[in-house]
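Novice: Start from chain A and add chain B according to the hints.
There are 2 protein chains.
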Amino acid sequence: MKHILLSIQYDGTNYLGWQRQPNALTIQGVVEEAIERITGTATTVAASGRTDSGVHALGQTASFFTESRLTPNIFQKALNALLPYDIRVISAELAAADFHCRFSATRKRYFYVIYNDSPVSPFVYRYVWHVKHALDVEAMQRASETLKGRHDFKSFCAADTDVQSSVREIFAIAIEPLPCISFLDTMITGKFIKLTIDADGFLRHMVRNITGTLVDVGRGKTDASAIQQILNAKDRKKAGVTAPGRGLFLDRVFY
Amino acid sequence: MKHILLSIQYDGTNYLGWQRQPNALTIQGVVEEAIERITGTATTVAASGRTDSGVHALGQTASFFTESRLTPNIFQKALNALLPYDIRVISAELAAADFHCRFSATRKRYFYVIYNDSPVSPFVYRYVWHVKHALDVEAMQRASETLKGRHDFKSFCAADTDVQSSVREIFAIAIEPLPCISFLDTMITGKFIKLTIDADGFLRHMVRNITGTLVDVGRGKTDASAIQQILNAKDRKKAGVTAPGRGLFLDRVFY
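Those protein sequence lines, which keep their order, are chains A and B. Going by numbering that gives the first Met the number 0, the first sequence opens with residue 0, and the numbers climb by one from there. Going by numbering that gives the first Met the number 0, the second sequence opens with residue 0, and the numbers climb by one from there.
Source of the hints: derived by calculation from the structure; they are not laboratory data. Some hints could be false.
Since the list gives no way to pick one copy over another, a pair counts as held whenever it fits inside one copy or between any two copies.
[What the hints assert, rightly or not] Lysine-lysine pairs mimicking PhoX-like chemistry, simulated, CA-CA at most 25 Å apart: (1) K220 x K190; (2) K76 x K190; (3) K131 x K76; (4) K131 x K193.
Computed from a predicted structure; not experimentally measured.
Okay, chain A solo, but in the shape it has when bound (with noise of 0.2 Å):
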C-alpha cells in the first residue's frame, strides 16, 4: 500500500469547493474520478482542508492510499492527462503511512485580494472582490493587529459549524496596498489590497469573515478598535459580512 502527496493548483470558479457533494461538481469529486480512472478502484483523497465555492488554491495538499504500482511521478502525469486544465496536479511524492495533510500541517498561508478601483481588469475579475467604497489601508492594518495571536475566533466562523475548539493562533497578518499587478510580466495598474494570513488553523469561512469585517474598518463602518468588542462577543452576528470566495487564495500549507 502506497501513500501518495499531491500538492495541486486549482482555479475554483467553476467548482462548488473542494468538497465532494452528490450532484454537484466539485474539485475531490473530479480528482477522486480521476484516480479511479487510472487504478480502476474508488479512493478517497484527504486534503489539508476544504476550500468553499469559488475559492482558489496555489497549493492545496491531498493525498490517497493506492495499491496501484504506478510511480507518484506517472500518478501525476495521469491525472494531469485526465483533469481539466483548471485543475492541474503540480507535484506528486510518496509520503509516510501516518503523515495526514490535515492534522500533520503546523501552518496555513491563505492569500485574498480586494480590488479597491475601477474598472475590473478582464485579467483579474476572477480572482478579486470588488469593493467600491474607498478603503482607508491603514486603518485595516491597525484593526487587524488586534487578530494576531492566540484567540477564540469564533466571532469570525461560519455560525452553522460544529467544531471542538474555535480557538487559533495567527501567527501574521499582513495588509498591503498594491498600486498594480503583475499578470504575464505585464502591469495591470489598479489600487489592490492584498490580505495575507498565516494561523496555525482556519475555521469555517474565518479568512472571508475576517476580511469582510476589515473592509468595513476599511469603509469607515466599523471602527478599528471595535475588532476586540468583536473578538469577545464569539458571536458571528458581531462581526461584519463574508468576504466573496473568489478573492480567496489557499496559498500554501506547511509541514
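Specialist: For chain B alone, coordinates are given in the frame of chain A:
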C-alpha cells in the same frame, strides 16, 4: 457629432476574434451591441486592427462617432455595466474627427507567451502556448535578429491575405526566458518564454507565424541561419506553423 476613443482590455478565450461576424460571438459585435443599447443607434466601431480568435488585448484601441450627448466618462461606465466581465473599457476620451485608431497609429506592440515546462498552472493556461519540446532560447534570439528592421514579411503572412504591401518594419524584438511569472503578487514557477515585437504594423498572423517559426528554431528543426532564406522566399509555406491564438496579446498601440 462626437468621436469617442476607447482603450479596451479583453480575455479573448471565449470570442471568435475582434471582427464582427454573423452568428458568431466577437468582441467588435459585443461592443457595438452595447453602444447601440446605450444610444439607440446602430454604430460601427473602428479598431487599431483585428485580433484573431482567442487572442487577448491589454490595450486595444477602438473609436466610434455618435450624436449622443453622453460624456466619454459616462460612456465608459455605461459600457462596463453592459459588457461581459471579459471585456472592459479601461479609458474613454474625445478624439479629433480625423483621428483613426488604425491609420493614426505609429507603432504597435504585441507579446506572445510560451510555456516550456510541465504542468501548466490553471492560472496561466488560457494565456500560453504549451510547447513540450525543450527550446534553445539563445538560438531563437539569434534567429530573431534577422527579422529586425524593414523587410517584406510575406512568408510570415497568412496565405489567404490580400494586402497591397507586405513590407513592415520591426523596431524591436525581444525573446526573454522567464523562470517564473508573477500572479497576483505570488510567483508561478516554470520555464516561460516571452516574445515581444514592436513594429509599424503587422500582417495577418504575423506574430503567430514568427513565433511558430522561432519555436522550430528553438527545437532544432530549423537552423537560425535559415530565417534569411525564409524571408527571401516570400512564401508562407517556407515558414513554420501558426502558433495558437491563446498565447498572443495586443499589448499597446502607440500614436
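Novice: Each hint: holds or not?
Specialist: Evaluated hints:
For the identical chains of this complex, K220 and K190 are intra-copy neighbours only, at 20 Å inside a copy versus 46 Å across copies, given an alpha-carbon limit of 25 Å. Taking the shortest Cα distances, K76 and K190 sit within 25 Å of each other only across copies (18 Å), while inside one copy they are farther apart (39 Å). For a Cα distance limit of 25 Å, the shortest separation of K131 from K76 across copies, 13 Å, qualifies, whereas the shortest one inside one copy, 43 Å, does not. Taking the shortest Cα distances, K131 and K193 sit within 25 Å of each other inside one copy (15 Å), while across copies they are farther apart (34 Å).
In summary, this structure violates none of the numbered hints.
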